Amino acid sequence: MNLLTVIVLLPLAGFVLNGLLGRKLGPTFVSVVGCGLPILAFLATLKAFSTLQLAGPDAALIEHAYRWAAVGERAFEIEFYFDRLSAVMTLIVTGVGSLIHVYSTGYMKGDAGYARYFAYLNLFLFFMLTLVLGRSLLVCFVGWEGVGLASYLLIGFWFEDPAKAAAGKKAFITNRVGDAGFLLGLFLLYWAVGTLNMDEINAAFMAPVAPAVSASLVGILLFIGATGKSAQIPLHVWLPDAMAGPTPVSALIHAATMVTAGVYLVARMHGIYEHAPEASQVVAVIGLMTAFFAATVALVQTDIKKVLAYSTVSQLGLMFVALGVGAYGVAVFHVYTHAFFKACLFLGAGSVIHALGGEQDIRRMGGLARRIPVTFVTFAVATAAIAGIPPLAGFFSKDEILWFAFASAQGGSPVLWALGSAAALMTSFYMFRLLWLTFLTPSRMSHEVEHHVHESPWSMTSVLVVLAVLSAVGGFVHLPEFLEPVLPLATAQESLEHLEHRLVYVAIAVAVAGFLAATWLYRGGLAKGDALAARFPRLHRLLGGKYFIDELYDAVLGRPLHWVSDRVFLRAGDRFLIDGTLDGLAATTRRVAGRLGRIETGQLQWYVAMAVLGIVGCLAWVWRHV
Amino acid sequence: MNWADVFEAMLPEHVLLAGLVLLLCLEIAKGRPRDGFVVTFLALIVAAAAALMLHTQGYAGTPFPGHYTVDPATSLAKFVVIALTLPVVLISRDDFADTRYYALLLSSLYGACLLVSSESLPTMFLGLEIMSLPVYALVLMAQLRADSAEAALKYLVMGGAATATFLMGVALLYGWSGQMTTGAFAYALASSDPLAVAGVALVVAALFLKAAIVPFHGWAPDAYEGASVPVTAFMATIIKAGVLFAALRLFAGMPVARPVADLLAVLPLVSMVWGNVAAIRQTSFRRMIAYSSIAHAGYLFYALLGAAPGRDQAVLFYVAVYGIMNVLALAMLPRGTDDVRNDRLESLQGLYHRHPYAAIAIAVAMLSLAGLPPLPGFVGKFLIFRNVLAAGYTTYAVLGLVASYLGIYFYLRVIQYMFMNAAPADVPANRTRRLAVAASLLCLAPALALAVFPGWLLDRF
Amino acid sequence: MSEPMLLNLLLWLPVAGIAALGFVAKGRDSLVRSVTFGCMLLQFVIAAVLYQRFDGLERGLQFATDVPWIASWGVSYRIGLDGLNVLLVALTAFLGPLLVMGAWTAVQKDVKLFHAMVLFIQFAMLGTFVAQDLFLFYVFWEAMLIPMFLIIGLWGGERRIYATLKFVLYTAFGSILMLAALIYLVLATQDGDGLTFDLRRLSGAGLPLAAQVWLLAAFALSFAIKVPMFPLHTWLPDAHVEAPTTGSVILAGVLLKMGTYGFMKLGFPLFPDAARAMMPVIMTLAVISIVYGACLALVQDDIKKIIAYSSISHLGYVMLGLASLDLIGIQGAILQMVSHGLVAGGLFLMVGMIYERTHSRAVADYGGLAKILPLFAVFFSLLTLASIGLPTTSGFAGEFMALLGAFNAAWPAHLAGNQVPLTLAVIAVSGVILGALYMLWLAQRILFGETRAPHAPLTDLNARETTILVAIVAAIFAIGLFPGDPLAKTELAAREFQQRVLGEAVLLGSETR
Amino acid sequence: MADLQVLLWLSFALFGIGLVGVMVRRNALVMLMCMELMLNAVILALVAFSLRTATLSGAVLVFLIFVVAAAEIAIAIPIVLMLSRQKRSLDVEGYDSLKG
Amino acid sequence: MSIDTVLLYFFGIAALAGGVLMLVAQHPMRVALALIAVMLSLAGVYAMLGVHAVAVFQVLIYVGAVMVFMVYVIMLLDVRDPSFVRRYSRLLLPGVALGALLVGALGLGMARLGGAPEPAAGAEAPSYLVRPFSQEFLQQYWLHFELTSVLLVAAVVAAIAVIRSGGRQDG
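Chains as they are written, first to last, in our numbering: chain A, 1 to 626; chain B, 1 to 461; chain C, 1 to 513; chain D, 1 to 100; chain E, 1 to 171.
These are calculated hints, taken from the structure and not from any lab test. Because the structure is a prediction, the values reported are computed rather than measured. Ideal placement from N, C-alpha and C gives every residue a C-beta, glycine not left out. Hints are not guaranteed to be accurate.
Claimed, not checked - Here are the in silico distance ranges between beta carbons for each label pair:
1. A:586 - C:30: 39 to 45 Å
2. A:163 - C:466: 45 to 51 Å
3. C:203 - B:307: 23 to 29 Å
4. A:567 - B:346: 38 to 44 Å
5. C:158 - B:424: 41 to 47 Å
6. B:424 - A:21: 55 to 61 Å
7. C:203 - A:620: 44 to 50 Å
8. B:402 - E:146: 53 to 59 Å
9. A:545 - C:485: 51 to 57 Å
10. B:307 - E:10: 26 to 32 Å
11. A:62 - C:30: 55 to 61 Å
12. A:567 - C:359: 51 to 57 Å
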């Protein structure tokens with residue numbers, strides 16, 4: 001049985017069924033199909049996973065679906081590839097995905113676009129599975145673009161609001177910029193290696209005779225694709241805006257799965273990066289910058305989802321730091337833990353928003369701990385996990401990242417470590433700030449809102465609980481070793497190995513420090529924080545305005561493009577130069593026509609004169625040649 | 001002189017002459033006006049049949065050696081000329097009731113037939129005169145407008161100048177060669193004797209005058225506009241055809257070398273541009289057709305640049321198609337009492353909604369004249385430019401094609417008026433006349449045949 | 001029925017349809033529509049059969065007819081299917097019935113003439129594709145002008161006369177020079193057997209390079225105007241905007257492909273040496289078209305204009321793929337032609353549908369249509385996605401392969417050491433971004449946001465319109481997901497094209513490795 | 001025997017005078033007479049060449065020209081008469097209602 | 001120089017003078033008389049050249065028929081017409097210049113002939129007496145003889161048609 005194909009197609013079936021029939025057959029049908037098929041996919045993945053486990057550590061299941069196209073001797077095959085890396089990703093996608101589908105049945109209850117929502121969500125799963133299961137870059141790219149599409153559709157799910165529709169468009173366009181880089185890399189690889197199968201490409205780069213293309217160039221191009229999808233500087237701008245979508249979507253797409261596609265891609269193509277130190281360095285530096293700057297922005301955000309969004313960006317940055325220093329398995333490890341706690345956080349935030357009837361501003365929350373206890377507890381666990389409090393999941397993965405950032409033989413350096421730790425510190429700080437302001441401080445809610453606060457239905461809370469548990473214990477699965485047959489372990493510089501334990505303590509200290517700082521500042525509510533902001537107004541504005549990157553892009557790219565298109569191309573080029581020339585020629589012809597008409601005066605003598613002129617001309621012409 | 005030969009070889013001419021005589025008798029006997037039409041029509045049919053018969057029989061002979069020759073090609077040309085007159089006669093009946101009109105038409109046609117067969121310069125001279133003289137009167141006979149006499153005088157004076165120029169050229173050629181055959185001209189093409197080249201130049205200039213090549217074209221727009229519709233049709237087709245066939249006889253298969261080749265290229269090229277451009281701003285349909293015919297005369301003379309067999313083929317095909325289309329367009333024009341107004345292009349506005357058939361027919365004619373495939377005009381254009389290119393005049397060919405491009409606009413403008421513009425408020429309702437429809441069918445059928453099977457005509461060479 | 005007859009039937013069916021229309025009494029408009037539709041449908045069925053029976057592995061013409069036409073010049077009525085035209089013939093026949101359906105209620109004026117013209121242009125377009133004789137090709141090529149002139153000029157918008165004259169005069173200029181070059185070519189390549197217009201025998205390969213370059217330039221001018229390539233594109237927006245829906249669909253769906261088909265069938269193979277020499281120029285223009293068209297689409301406020309400029313951009317990919325002279329690129333170009341025909345045709349049909357309801361094409365007049373016209377929004381989104389080349393749609397297949405070809409062309413031997421193609425290909429990829437930018441912006445403005453429309457109560461798509469769009473979307477996805485089948489039909493021809501152009505000179509990247 | 005050149009010069013001069021007359025004179029009748037003068041010039045040339053080439057055909061053509069000239073006048077005069085009646089003038093410059 | 005030559009030159013000069021007179025004479029009647037003078041002079045030239053037949057017909061047909069007709073017409077017409085008063089059209093100067101150019105173009109070309117061309121060798125000078133001339137005409141140019149009749153018929157019909165249609169217009 002073509003298990004992998006089935007895994008991919010199950011959500012697609014959900015999309016088709018919900019899309020075509022959902023509106024007619026009602027929400028129950030939609031829920032059953034929408035949740036059932038992903039769960040089936042998850043079960044199928046488990047089955048495939050067990051098969052894979054039996055096959056041995058470095059085995060891979062390869063399934064040929066069909067031949068997309070063949071040109072000459074070259075064929076573009078649609079093949080699915082299931083090794084341990086894809087297995088982990090698939091499990092995350094189907095597992096967390098299924099949970100979020102279940103959660104959504106509660107969250108989206110009663111929405112007019114219920115069927116549409118589940119259709120989109122299933123479509124997303126389909127493309128995401130295509131992405132992680134695809135053997136060739138082409139299939140991967142199909143999924144890559146497809147998840148962008150699903151993301152676009154879901155961000156703009158409530159399209160009546162122009163801002164939400166615009167956010168969707170922004171996400172898509174920004175992703176497209178990255179996709180262009182991906183495409184370029186893909187083309188280059190195809191030209192150089194002659195195949196798009198990722199395992200073969202890796203093998204080619206591992207081979208003694210490397211392909212005739214700069215691995216760094218290809219690496220950087222693919223990484224551009226990754227920055228788009230994974231919201232890294234400079235293409236991170238879409239992710240915060242993407243919070244316009246329904247919260248489960250943020251959890252699934254913009255936290256747990258899609259945004260980690262970039263990490264997956266780089267990890268998957270590690271064969272290239274291992275031979276591209278420059279590219280790796282770029283990956284690390286960009287990742288670090290993203291981690292740091294996103295964390296600083298998250299410090300001052302007041303929208304609960306925006307905080308989480310920047311936190312996601314920051315965490316993704318850390319993953320790229322890991323990738324950049326060659327710790328591919330560690331990066332995937334963080335993807336894995338991050339999927340749990342960040343999904344839990346988002347869903348918790350969703351639960352809060354649900355409880356508050358749509359309120360997202362943490363300045364108008366507070367004191368929710370007792371009102372919605374399940375949400376609070378799960379949220380707190382996840383917060384602790386992301387902050388890196390041991391022994392929760394986030395601690396393990398983050399600690400390893402920081403260690404390899406410091407000590408990796410493939411580009412680790414104290415600077416990476418220091419700034420990464422600073423980012424971790426800020427993470428801890430803003431997450432606890434969020435926890436305090438939302439749940440623990442005295443209520444700042446309006447009376448009416450407060451009156452309606454209620455705990456979410458079991459379909460939502462149960463998911464929260466599951467995720468919280470996973471966030472708590474997920475770290476004990478030591479993924480890097482498990483992935484070792486696929487993704488080689490990074491090696492630490494021997495001279496630094498003795499520092500490993502000390503750094504663990506530092507990491508714990510950092511997490512605790514963040515917690516303490518947040519407690520100190522926000523335990524009493526907003527006042528202290530606002531006072532601090534007032535003391536550094538410029539800095540606060542800079543961070544609150546997200547470094548004004550959007551405005552910068554608009555001024556540097558958007559407007560000039562528009563200006564050039566409008567003024568130079570349209571007005572000067574098309575209308576003035578081209579059409580102007582042609583219209584001018586036409587007008588000249590008409591004018592000449594008028595002149596010629598005037599030559600025809602009606603005077604017979606003039607006609608004769610013209611004729612005589614002609615005769616003289618004829619004679620003169622032939623005489624010249626006699 | 002073999003009388004049987006004379007009879008057979010000149011059968012079409014004889015038939016025309018017989019018709020002419022019969023018409024004169026009718027005129028004298030004061031027969032009913034309609035009889036003139038019937039006699040003419042029958043004479044034309046018989047003459048056309050005779051010409052076709054001579055052609056298909058492959059008859060070749062010289063009833064008057066050195067003066068007059070008949071071969072299949074000339075018979076075919078005669079057939080074309082005579083057959084083209086048929087629709088002209090059909091659309092004449094409503095305008096002209098008297099027999100004199102038909103007598104003049106037949107005599108002019110007789111002249112054109114002479115030109116086609118002429119082998120000596122005097123014959124050609126007489127042919128030209130017999131062809132032209134009646135037309136001066138025909139132009140004037142348009143009773144519908146006051147300007148006809150003016151048009152006739154202009155035509156006459158320019159025609160007279162052309163005659164004198166032609167004769168002067170003939171005199172010089174004669175002085176050079178001592179001969180009066182068309183061969184004298186053809187040989188003179190290769191000579192560099194001053195007499196010969198001057199003679200050639202003058203004869204060519206005279207042909208240009210008759211065919212209205214720029215700058216000899218002054219008379220054409222005025223004459224076309226001033227004449228009545230059938231006469232315009234006759235002038236635009238038969239007269240032009242006659243002149244071109246005369247030119248073919250003169251060049252007689254001789255290759256054209258410089259400087260005469262430049263003469264044959266430059267002025268016609270100027271004509272194409274001039275005619276096509278000047279037509280853009282015209283408001284009178286016939287005047288526009290006149291400018292169009294100036295341009296077309298340019299294409300026709302271009303054909304002479306090419307080598308011999310292709311040249312005949314091109315001219316014959318082009319003349320046939322061009323004539324058919326001109327007659328078709330003029331036949332389907334709305335007609336009424338106010339000729340000046342009916343002649344305005346604006347009166348064509350919205351024609352499609354009033355007379356769809358007429359509009360479509362005119363559109364076909366216009367597109368064919370513009371040389372757009374799949375209409376036969378394209379094949380004609382193709383033939384001509386193929387010859388020019390084959391003769392090695394690439395630049396001239398390209399320029400000529402570009403000049404022909406200039407013409408597309410004003411033909412399309414007519415279509416635009418008929419199909420796309422709304423009719424003016426006070427358009428008189430003109431009934432489509434049955435004879436005009438018959439004439440149009442006489443044009444459309446061969447046009448269709450030539451579009452689908454151009455080879456039928458082309459392979460006859 | 002014998003196989004060649006089938007192709008002849010396909011070709012001449014519209015003419016029969018016109019003749020049949022002649023017998024329909026005045027005023028019976030729906031009968032006119034039915035007759036035309038029946039004719040088109042039958043044509044589609046025939047085309048489908050032909051497509052099925054077409055054997056991609058067989059060299060040379062299939063379903064060929066060769067009857068002398070003007071024997072003395074070697075002109076024949078010579079038609080046949082080969083790999084280059086089989087897809088385009090199928091596309092044309094596929095769009096035919098949809099055109100008629102699309103115009104079912106939109107055209108109320110001069111219905112008979114309209115349908116006659118649609119049939120006529122269908123005839124001319126099919127003829128251009130199947131013609132295997134240069135003369136015949138030219139005749140059909142030019143014959144397209146007349147019906148298009150009338151379609152735009154009679155049933156078009158306000159500035160229709162300007163637009164239609166611009167279209168015709170632009171196009172005719174190219175054709176005139178092509179005619180000159182065509183005659184020159186035929187005369188220059190004349191051999192002992194006299195003239196021939198047989199496309200299989202004609203080749204300008206023996207001519208000196210300078211002559212070839214001139215001839216190719218003349219042909220290319222004509223084709224480039226039709227494509228249209230920068231800077232000869234300015235007729236297209238005007239023509240599209242003013243044309244009635246049917247006209248736009250014909251233009252975008254098939255007519256523009258004539259240009260690229262011309263390059264593929266005539267321009268490059270006839271003058272291989274010149275083609276190789278001029279390839280950088282052509283590639284540059286293609287890339288400029290991609291970027292320029294996309295940029296201009298960005299600043300338009302008329303829906304049709306946006307799609308019109310997007311056509312310029314999309315056909316740039318076709319030219320890029322062709323100019324790459326790489327097998328994948330060529331195949332991609334062919335696929336992109338078909339894809340663009342479907343996508344742009346579909347988009348124009350949709351614009352027509354909404355225009356029929358509101359009589360406005362201004363983007364600013366619309367908003368939030370997704371709320372009031374959900375079905376419309378779904379299809380519009382799907383077509384938008386296909387237009388921006390989202391994977392699984394046909395747009396992706398074409399664009400992807402064309403670009404991939406361009407990359408492979410970056411290092412073929414005939415341009416050894418030339419970094420220009422690589423640079424160009426990289427620039428071309430930016431079109432992917434710009435394409436998403438303008439199309440999504442368009443979709444966002446009209447589908448999303450506050451509900452806004454010139455007339456408040458709008459009805460969603462009816463069954464007829466839905467059928468049209470379902471057919472188009474199905475085709476788009478069929479090609480996008482399974483391009484292998486069409487590509488298998490064209491591969492041999494694409495390879496022959498490639499070999500003819502490259503000659504003995506070099507073999508390509510994708511072949512040598 | 002007179003010098004051929006002299007006769008030719010005379011012929012050309014008369015031909016030119018005729019043409020100039022057509023161009024510069026306003027009176028329609030004068031115009032017609034000038035055209036006759038042109039034909040006379042041609043006749044002179046023909047006669048001269050006939051003598052030079054010692055053939056008769058030139059002279060024969062002369063006779064044909066006589067006939068044609070007469071016929072031309074026979075048509076031209078009525079036309080001019082018509083015009084003079086219509087336009088109340090023989091001034092050719094006034095005959096410009098057709099133009100453009 | 002023989003008397004013949006003198007007379008020839010005299011007639012030639014007279015013809016030229018008559019031609020010039022045609023250009024400058026104001027009244028059409030004078031122009032007609034000048035034209036008659038030219039024709040007669042030319043007839044003299046022909047006679048001096050020995051081409052008697054042409055000379056005779058020149059006088060008979062041209063002067064006797066054509067010009068008499070012309071003079072009648074001139075007398076018929078109103079003399080107060082502006083064209084009788086103002087001789088020249090606007091194109092006087094350009095016209096004269098063009099005429100001069102034309103004569104120059106024709107004449108200068110002929111001047112390159114370089115002396116009198118030789119008559120065809122061995123050809124005996126034909127007789128231009130009326131009798132051999134008529135024989136030649138009727139044997140060689142029989143066709144043209146007949147054609148002139150067609151021409152004349154056509155011309156007559158045309159003239160009648162013109163006059164008739166004129167009459168109708170007035171009526």
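Is it true that residue 545 of chain A and residue 485 of chain C lie within 51 to 57 Å of each other by Cβ?
holds (54 Å)
Take the C-beta atom of residue 586 of chain A and the C-beta atom of residue 30 of chain C, compute their distance, and say whether it sits inside 39 to 45 Å.
holds (41 Å)
Cβ-Cβ distance between residue 203 of chain C and residue 307 of chain B: within 23 to 29 Å?
Cβ of residue 203 of chain C to Cβ of residue 307 of chain B: about 25 Å, so the range 23 to 29 Å holds.
Does the hinted range 55 to 61 Å hold for residue 62 of chain A and residue 30 of chain C at CB?
holds (58 Å)
Can you tell me whether the CB distance of residue 158 of chain C to residue 424 of chain B sits inside 41 to 47 Å?
violated (20 Å)
Honestly, do residue 567 of chain A and residue 346 of chain B meet the 38 to 44 Å range at C-beta?
holds (41 Å)
Assessment of proposed distance window 53 to 59 Å (beta carbons of residue 402 of chain B, residue 146 of chain E):
violated (48 Å)
Range hint compliance [Cβ, residue 567 of chain A to residue 359 of chain C, 51 to 57 Å]:
Violated: the Cβ-Cβ distance is about 31 Å, outside 51 to 57 Å.
Cβ-Cβ distance between residue 203 of chain C and residue 620 of chain A: within 44 to 50 Å?
holds (45 Å)
Just tell me: holds or violated, for the beta carbon distance of residue 424 of chain B and residue 21 of chain A against 55 to 61 Å?
The hint (55 to 61 Å, Cβ to Cβ) holds, given that residue 424 of chain B and residue 21 of chain A are roughly 60 Å apart.
Evaluate the given range 26 to 32 Å for the C-beta pair formed by residue 307 of chain B and residue 10 of chain E.
Given a distance of about 53 Å, which is not inside 26 to 32 Å, the answer is violated.
If I claimed the Cβ atoms of residue 163 of chain A and residue 466 of chain C lie 45 to 51 Å apart, would that claim hold in this structure?
Because 31 Å falls outside the window, the suggested range is violated.
Violated hints for the displayed structure, listed by number in ascending order: 2, 5, 8, 10, 12.
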